[in-house]
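S.K.: Order-wise, the sequence lines are chains F and A.
Once you know that position 196 of the first sequence is 358 in our numbering, the rest is easy, because the numbers rise by one and skip nothing.
Once you know that position 248 of the second sequence is 769 in our numbering, the rest is easy, because the numbers rise by one and skip nothing.
Just so you know, these hints were derived from the structure itself, not from any lab.
Everything numeric in this text was worked out from a predicted model, so none of it was measured.
Positions of the beta carbon are idealized from the N, C-alpha and C atoms, including for glycine.
Incorrect hints may have been included.
On the chain F side, residues computed to face chain A include the following (Cβ under 8 Å) [to be verified]:
1) THR238
2) PRO256
3) LEU279
4) GLY282
5) ASP400
6) LEU403
Simulated restraints on C-beta separations [as the list claims (entries may be wrong)]:
7) TYR562(A) <-> SER394(F): 39 to 45 Å
8) VAL559(A) <-> GLU300(F): 29 to 35 Å
9) LEU721(A) <-> GLU203(F): 55 to 61 Å
10) GLU203(F) <-> VAL529(A): 29 to 35 Å
11) SER394(F) <-> LYS553(A): 47 to 53 Å
12) PHE705(A) <-> THR247(F): 55 to 61 Å
13) LYS780(A) <-> GLN169(F): 22 to 28 Å
Chain by chain, the residues:
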Amino acid sequence: MADPIIQIKDATVRFNLDAQRHKSLPEHLRGFLKRGSRFQEFFALKGVSLTVNRGESWGIIGRNGSGKSTLLKLVTGILQPYTGTVAVSGTVAPLLELGAGFDDELTGRENIMMNGLILGMTKKQVMDSFDDIVSFSELEQFLDVPVRNYSSGMRARLGFAVATCARADILISDEVLSTGDKVFQKKCEERMQDLLSGGTTLLFVSHSADAVLRVCDRAMWLDDGKSVMTGSAQDVVDAYLNRN
Amino acid sequence: MNRWLTAVRLTVKNGIRYIPLLQNLIARELKKKYRRSVLGYVWCVLNPLLVMLIMTVVFSRMFRYDIPNFPVYLFAGRMMFSFVTDCSGGVMKSIVMNGPLMRKTRIPYYVFPLASTGSAVVNFGFHLIAFAIVLIFTGTPVSWHVIAFPAVCLEMFLFSFGFGLLLAVCNVYVRDTDYIYAVFTTAWLYLTPLFYPLALLPDTLRAVVTNLNPAYFFVEMSRDVFLAHQWPSGGMLLRGAAVSAVFLAIGLFAYSKAKKNLILYI
């Protein structure tokens, strides 16, 4: 049963806020003259540990800025931990932002191929799931329209359809169900349930406690970059909702 | 050394997966460029031809440098020079431009500079077609020395990629690189004998250009092949090889040093 697919041990993620700020020459000079203030660090995650077994679905909850997205970026491999280790044994389909790889100038059809390739699918895999993607996203009529003319709901539908067809071992979903109408949200949740019963592992970030309870069996509560509580989804959500 | 080799082998093995993506990114550049124009891809060939035509008229009427077969002289030089600046400039922008994508998906960063180089190479192919038309219209014979041309091109591709990669890394940390480079290429354009003969330059400057201007190496060799009907000189080939090896090494070194922290600055 215990078959860890994601192992995060005591991971810390550090950003240098000073480096992120866009500085002009005078600011550079000022910074250079008083050396002390040049390094301003910020820890987005402080010693977080998490072990996810194959086939589990984890909800990540917490307030804005608590480090949820940073945690997902660690698992995706976009960010490296400053200290600690992250071990992921499997392919990851990130849904950090639906249709992140969409190019506005390309048509829906072209974007399906592009986005599939970005997610690590082969050309053949994309072609094979093409019909499935189209029918799931209900965009048959608009396939040859540039994505720039799509509404945010249409984009979200297409992005979700491509990512869930990628058949990755780990599906990462960051608040992706907030766009789209109720019917489509339900459809997405069903698709996630299907994938879960097929053995996919899910990391699910959402501000909707209901959605977490419906989709996830385990959960982690993050606050200010630290893990407050991990356990069964019900317990963690209850504790989170009853916080003062 | 062994660790380094393993890293290279892993990168190559990993990189093979991204070849279809690379092809797609290159095709995207082309598609987007001409999608909404009536003539479409015809512009790829028409545009360099028209620019060449205007420059020929301007330079053969206004300045009389007395260069035999001026259209071919001009086109061969411009084709090489604009590849060097277009390719290195495109590669320079490629990483910063694709920042939003890099922050959300995990694609190895080197895919973008490679895709940018690839589309520059495809564009160069269109320039070659236009060049062939110029050769036909001017009645310039083609000798079998052209078989040396691919080697010249390869040197040029590698140099432009390496140089661009170095600029791309600089551009991530200091965005001013973009603006500085624009000024730099203007100076570079006038320091490369594209529309004037090399002999026009004063002695010291001529020595600098023939020995230190990489773009000139490639311009000169293309003229050897297409205009003088002779092999590129050994000295030039060697200079081209040296400059491409050095810049490729510097570019790759800068990239490998920076890639871990790149995401924090994009």
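S.K.: Which of the stated hints cannot be reconciled with the structure, identified by number in ascending sequence?
M.R.: 5, 6, 7 and 12
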